[in-house]
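Asks: Protein chains in written order, with our numbering: chain A, 1 to 340; chain B, 341 to 680; chain C, 681 to 1020; chain D, 1021 to 1360.
Just so you know, these hints were derived from the structure itself, not from any lab.
Errors might be hidden in some of the hints.
To be verified - In silico DSS-like links for lysine-lysine, alpha-carbon gap of 30 Å or less:
id, chain 1, residue 1, chain 2, residue 2
1, B, K632, B, K667
2, A, K292, C, K800
3, A, K75, A, K120
4, C, K952, A, K294
5, D, K1140, B, K634
Stated by the list, open to error - Residues from chain B that face chain A, not an exhaustive set, calculated with beta carbons under 10 Å:
id, residue
6, Y349
7, V351
8, S354
9, S362
10, G365
11, A379
12, H380
13, L574
14, L646
The model shown is predicted, which means the values in this text are computed figures rather than measured ones.
For every residue, glycine included, the Cβ atom is placed at its ideal position computed from N, Cα and C.
If you want the building blocks of each chain, they are given just below.
Protein chains: 4
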Amino acid sequence: MSHKFQNDYSVLASPRILEALSRYGQEENVPYGLDRHSAHAASLIKEKFGAPNGSVYFLSGGTQTNLVFLSAALKPFEAVISLGSGHINVHETGAVEGTGHKIVVVPGKEGKMYPEDIEKVMATHRDMHMVKPRLAYISNSTEIGTIYTRDELRALRECCDRHGLLLFIDGARLGSALTSKQNDVPPSLIGAVADGFYVGGTKNGLLFGEALVVNNPSIAEGFAYHIKNRGAMLAKGYAVGIQFEAAFEDGLYFELAEKTNRMADRLKEGLKRLGLPIMDSPTNQVFVTLPKGKAEAFIAAYGCELWEDQGEKMTIRFVTSFATEEKDVVELLDFASSLI
Amino acid sequence: MSHKFQNDYSVLASPRILEALSRYGQEENVPYGLDRHSAHAASLIKEKFGAPNGSVYFLSGGTQTNLVFLSAALKPFEAVISLGSGHINVHETGAVEGTGHKIVVVPGKEGKMYPEDIEKVMATHRDMHMVKPRLAYISNSTEIGTIYTRDELRALRECCDRHGLLLFIDGARLGSALTSKQNDVPPSLIGAVADGFYVGGTKNGLLFGEALVVNNPSIAEGFAYHIKNRGAMLAKGYAVGIQFEAAFEDGLYFELAEKTNRMADRLKEGLKRLGLPIMDSPTNQVFVTLPKGKAEAFIAAYGCELWEDQGEKMTIRFVTSFATEEKDVVELLDFASSLI
Amino acid sequence: MSHKFQNDYSVLASPRILEALSRYGQEENVPYGLDRHSAHAASLIKEKFGAPNGSVYFLSGGTQTNLVFLSAALKPFEAVISLGSGHINVHETGAVEGTGHKIVVVPGKEGKMYPEDIEKVMATHRDMHMVKPRLAYISNSTEIGTIYTRDELRALRECCDRHGLLLFIDGARLGSALTSKQNDVPPSLIGAVADGFYVGGTKNGLLFGEALVVNNPSIAEGFAYHIKNRGAMLAKGYAVGIQFEAAFEDGLYFELAEKTNRMADRLKEGLKRLGLPIMDSPTNQVFVTLPKGKAEAFIAAYGCELWEDQGEKMTIRFVTSFATEEKDVVELLDFASSLI
Amino acid sequence: MSHKFQNDYSVLASPRILEALSRYGQEENVPYGLDRHSAHAASLIKEKFGAPNGSVYFLSGGTQTNLVFLSAALKPFEAVISLGSGHINVHETGAVEGTGHKIVVVPGKEGKMYPEDIEKVMATHRDMHMVKPRLAYISNSTEIGTIYTRDELRALRECCDRHGLLLFIDGARLGSALTSKQNDVPPSLIGAVADGFYVGGTKNGLLFGEALVVNNPSIAEGFAYHIKNRGAMLAKGYAVGIQFEAAFEDGLYFELAEKTNRMADRLKEGLKRLGLPIMDSPTNQVFVTLPKGKAEAFIAAYGCELWEDQGEKMTIRFVTSFATEEKDVVELLDFASSLI
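Assemble the whole structure, with the sequences as input and the hints as a guide.
Replies: What follows is the structure, given as structure tokens:
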């Protein structure tokens, strides 16, 4: 059977992550994330991402991480600003609203939020009859695979400061963003601009788990209670701590992301060479718009996702992962070639 | 360093579980629990626990599983009946209340709920000024390691039927309960009496994960949406599916539980032989009441938990797990012997 | 001081409502809405609005009524479909999200929702990663004073039926809608098409209170518990029951609404005669777009609301109420005349 | 028909309250509690109750007021300490849990909470697996009509300070408490010890409404947004403001309470003279334990509440109100006399 290009979480884990789990498989560890592996992983992450005063918590998935952080950061009447296409707004089954908070939607451009988006929200939310916007939520890489530049992140931070807003970065695919050839954001800038962010494991070769960095002390108070209250405290926290330790003690995390991007770049080049109209995206999501029949052939053969149905044409999405190999890309390109 | 007797989730996983994860480590699987391993595990669990019409979902931890099920089963004004000592009432940081529901507390006896507990609640909750009790929550084994008999479970079911109540069984330690030497409950009775229950993995040798069986069709509708809404949907659902498949395809689950109980029995016999006053508990939690100084020595050496501080005396708890070996018990007993 | 045209809830109550309250001021009544006045008012409302099997509850305000009904009708992962301009979406400070539910926004036309709006939502909400739309929320009259026709309401009902959706009508200004000269909806159609609706008192001359009709038996079960759980149960329910009894036993409710509309019509005619560009709106909200300076003069003199700031021009809103008199309209028109 | 002694909210309002409403019945007022009457009433209340820096909000009922304040004061994982008999714990249909917070129950004595109750809770709630107690909730008068002394309130405040806890006083019957013959608490002490409290109108002769005083600036921030978010913002806030202005500008509030207590005292003396075993209660709730048959005769004739059913005996409760007259008490005592 062919390798699928459906997403970046269809293969369990990098062999090196599985080895780490086996290595410590019979070791006794303190539960609830208070173990030495979690502590070590936390300090590696804080150093790498420029968050010396942050607190790191290991959770089991992205939706959970978003809802845990946002519900800790906001009062009942406070709202999140997000792009309409934001993961929390579309693909989390109302999890943020489930904790009681409205998401105020802005248009953005190319999947990214800009200060002008925030300014417009703040100009119209002026009294107690509307929610009080309190936090800007962005993803890097974004839902359509684009990435923020250094200047864009700084401008957002300044805008948030002007309005007393918090800034949260959903880093489900942070590895892919920061190892993109087009990236100019150093990891340490993430900690410098965000009140909270997470470093995604599930979509970057870990068996499961996300590392949430609570980077604003006023939110960190009592945070472990909050995690437990939301059902997100892992008894075997060290199961995730061991993985992030392995991912960050020798650069594995970025190696996996870099390889993922490399495969996506190979794929984009190949598709371009075949004359297919691919959307410009610098990370591991590749969007192509094709006539309906051809799009459906790709979907059938490679499980890639139908992103947008425009009737006669369809935009489909290919995703590469740590487990995508050169030969898989070659096979897909052969298939594409035969299809045209 | 000595083996700790602090709890049953301090060691990552049974080697056979880790092997299963490695075996399928590079296989491609459909995400969100829609894979073949999860389907296979679900059918094994439904068969074993007498729930042919149940729906099985794999979640990441016990508190999460409890809150997901209870918040799906209850309307906003409906309440849960639980023992005061119930896990949801004491040790889940208000997670059930966090989803909006009151827990109505009953005393029970020896850690177990009886029909008379329920009758008293129903007699006093008669109008719209009080919550409407709608579900009885019990654990098997209980918080103090006791287990329900066949007749007790049936009597609870009948009582619930009389009052239009749902019955939920928290099976964080269901393996230990059903393999206890004193147990007379066949696994299939669980599915026969419960509207919902879970089969605990975290505390029985799995790396992580609980198998929730939604056994009442009126609650099952839209349940996957509900799981996602609560942040509990695992992208790599197959990571838990693979483990439960391994646990139930050849009896591993009960083997691990049986060994855990055997080690606890060895420990209880040994302590008894030393003349120590142990509480009668037929599963893997062993409670002993000792003079303060001796209790503290045990806590320091074996990480066992202070269960109740009565001033001059202390009740401490030893827990065995799949990873406890004969030699660990022997060492602990030697220490106990030297202490007396 | 001039009569203000800011809104329809700036004057306490119609003298006839105050008389009714005084008449029963020292009478003993059963609390919690179980009194004879509430029962009588409920039966009058059910008859008038074609809801023979509905249950009527008297609540204290519109936002409360909306959140009480919606949170009773929806499971945690279910969502409301509303216009972007919908009261629940803009002017209730996130109260619906506060009970855990996402509002899915549709554009509509002229302040009204159409089946095509619903169709588009249903076409894109197809799996468990997105919320499950379950209820369409509309207002009559709408936020911009427009009203639904008989055919439009029936078409919405049919569309809801096709998709298994509930339909809720926010009737904060239902009186004004149903007594508009352009209205072709008989009151009984409201009960025929809606699973729930409320008949607004606060904005139609009552001291306070809304009559919520729960018209779908599956939602009505346990509803009084739900009201209390949300803090919306009035101890002196009869305080609202007496008012609605007075409003419906001899036609006062529609008399007040009809007069309100008449004053608005007088105002619209007068403004039109002065050549001012008024938006076509058949109820008691009158929208005019004026040069900034003139708009601000009106705001200063009559407290009318700035509806939309387009820079050089501003749209402002005048609202008439039961307390608006001919002379007030004449005075406003004189002012308008002098301004031009 | 006889005057009922069922509760203190069966008669609409004191004639003087109704007069005030009529007096301002056709006056135009700014909505949402921003009117001059509400401002005046707020300043009278702040002065009377020693809360110069408090913020006053007028809400529609007691359960609503409790849930609004508590949900604003607490983070998701924080809990309320309350007596088991506390109104929020028994008679509010889980409204506090409905906002996500656990109520930790303490026994107290004679309906009152003592520092030792709090100390025990704080001693057992020591880690993130249990909720974090954050606020002590008491009522004055209590559920069984007892009242706090000056020293008791001060001792509670000190205890709360020691543990970083907030103190909230439910004043549904604060008038009755502070005008009791046994009372030694000056009104100004309420503001001196409480982070929040409310002055009850519904149970003290107002048509409806409670005055919530948010007395801790850290909770007051954004409070109006919070009220609206909970559906508790009254469009015609001045409807309550006018009543509290009338109640506090010339002492009416305490006059009504004092009369209520006087009637209760008359009743207690009379019942005592008849040799009936009445519970000692210094406010307007009178508890008597009688043989079942006699208790039931009282219930049938006077609508008084069955408080506790002990089988052969029953404790019943008589409540006096602003509307109870001497002749009503005489009639009841005649009935009692004839019954014995």
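Asks: All hints, please: hold or fail.
Replies: Going down the list of hints, with the structure as the test:
1. This hinted pair checks out: K632(B) and K667(B) have alpha carbons roughly 26 Å apart, not beyond 30 Å.
2. With a CA separation close to 20 Å, the supplied pair K292(A) and K800(C) stays within the 30 Å bound.
3. In summary, the hint linking K75(A) to K120(A) is supported, as the alpha carbons are separated by about 22 Å, within the 30 Å threshold.
4. For a cut-off of 30 Å, the pair hint linking K952(C) to K294(A) is broken: about 59 Å separates their Cα positions.
5. Pair hint K1140(D) plus K634(B) holds up; C-alpha atoms about 25 Å apart against a cutoff of 30 Å.
6. Given the 10 Å rule on beta carbons, the hint for Y349(B) holds: about 5 Å separates it from the nearest Cβ of chain A.
7. About 6 Å separates the beta-carbon of V351(B) from the nearest beta-carbon of chain A, less than 10 Å, and the hint is met.
8. Below 10 Å, beta-carbon pairs count as interface contacts, and S354(B) has one with chain A at about 9 Å; its hint therefore holds.
9. At about 5 Å, the closest approach between the beta carbon of S362(B) and any beta carbon in chain A falls short of 10 Å, and the interface hint on this residue holds.
10. The interface hint given for G365(B) is met, as the beta carbon of that residue sits about 5 Å from the closest beta carbon of chain A, less than 10 Å.
11. Of the supplied interface hints, the one on A379(B) is violated, with its beta-carbon coming no nearer than about 16 Å to a beta-carbon of chain A, more than 10 Å.
12. About 16 Å separates the beta-carbon of H380(B) from the nearest beta-carbon of chain A, more than 10 Å, and the hint is not met.
13. Satisfaction of the interface hint for L574(B) is found here, the shortest Cβ-Cβ separation to chain A being roughly 6 Å, below the 10 Å cut-off.
14. Interface hint status for L646(B): violated, as the beta-carbon distance to the closest one in chain A is roughly 16 Å, over 10 Å.
Hint violations for this structure: numbers 4, 11, 12, 14, all remaining hints satisfied.
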